[in-house]
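Colleague: Using the hints, position chain B against chain A.
Protein chains: 2
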Amino acid sequence: SYKFISSKRLEEVKIFFPDSKPVKEEPLSQARLFPRSLEEGLGFEYAMFHNQVENRTVCILQGGPYLQGIPGFLHGGAIATMIDSTVGMCAVLTGGAVMTANLNINFRRPIPLCSVVVINSQLDKIEGRKLFVSCNVQSLDEKTLYSEATSLFVKLDPK
Amino acid sequence: SYKFISSKRLEEVKIFFPDSKPVKEEPLSQARLFPRSLEEGLGFEYAMFHNQVENRTVCILQGGPYLQGIPGFLHGGAIATMIDSTVGMCAVLTGGAVMTANLNINFRRPIPLCSVVVINSQLDKIEGRKLFVSCNVQSLDEKTLYSEATSLFVKLDPK
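If you read the protein sequences in the order shown, they are chains A and B.
Count along the first sequence starting at 1, add 252, and that's the number in the working numbering.
Count along the second sequence starting at 1, add 252, and that's the number in the working numbering.
Isolated chain A (complex conformation) (with noise of 0.2 Å):
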C-alpha cells in the first residue's frame, strides 16, 4: 500500500504567515526546492513513499559527492535535510499544512558519501495542533543504524 509522492507536492504547500516579511519577487522566480536544487546524481537522489494507513513515510536516499562534511561522509546538514523533508512529508500527508517546530536528531554514525539509505518514519502521536513523527536512518540491509531522530511540528491556521 506505498504510493508514490511526487515531491512537487511540498512546494504546493502554499502557506500564508501573516507577520513575516515576504521574499522579493525576483529571487522567489528562481526559487528551487533545496533537496531537488544540485544536479542530477551530485547531490540528493530520493524517492518516497507513503503508508496511508500506517502513517508511515519511507525515503530511499543516495546522497551524491556534493553532499560532504567530514571527507568521504554525508555533511550533517544533508542528513537533517532529508531527514527533515522524510519527517516533514510524513507530517503534510497526515495533518496538512504544517510548520516543523521542533527536530532532535542522533548521528550514531557517518554516512558514506554515494552509499543508498533508508529513512523510516512514523506518525507517533497527535495532541490538538501538534504532529509527532519519529525516524530512523539505515542501510538497505538494515543492518546499520546512521541515526535516529525525534520531531515535532505543528499545524498552521489558514486563517
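Below, simulated DSSO-like cross-link-like pairs (lysine-lysine); rule was C-alpha separation at most 27 Å, straight line:
id, chain 1, residue 1, chain 2, residue 2
1, A, Lys395, B, Lys407
2, A, Lys407, B, Lys395
3, B, Lys407, B, Lys377
4, B, Lys407, B, Lys382
Derived contacts from chain A toward chain B, CB cut-off under 8 Å, selection only:
id, residue
5, Ser289
6, Leu290
7, Pro317
8, Tyr318
9, Leu319
10, Gly329
11, Asp336
I should point out that these hints are in silico values taken from the structure, not numbers from a laboratory.
C-beta: ideal position from N, C-alpha, C; glycine also.
Modeller: Structure of chain B alone, referenced to chain A:
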C-alpha cells in the same frame, strides 16, 4: 578579536573511521563541502568568525533561492545545515577533530528566502570527550529570533 576562518579548514579535517566502509575513489574526486556546493548567489552565502578567548563562533548567512522549503522561506534542512556548520566550527576550533553526535533545533519562525541572518554560537561546557555547543539564529538587528539549537560533539580518537 574575531578572526576570519577559511571554509577549507573544515574540509581539511581528515578523520579515519576504522569500521566504516570507505567511499569509492571516483565520487570522492568530485566531492564538495555541502554548504559550498551551490553556485554563488543561489545557495549558502556565509562567512564565519571565531573568538578564541570566549569560544564563540558567529556566522553571517544569506540563504539564496535554491534553499527553499515552504514557498518564500528557507528549508528547515538548510537552516539545520548552517547551524551544524557553525556549532561544528566552534567545536572543531575548541576541541580539534570532532563529530556531531546530537543536534536539537527549535524552529521558532520561518526565515524569509534571501534575508540575512546571524548565527551566534558558543561552547557551553566540556565533559571528557563531549563538547556542548549552543546557538541561536536571529535577524541582523537581533529583533527577530528565528531558531535556537543545542548540540553535542564527541572528540574523535585519532588512533
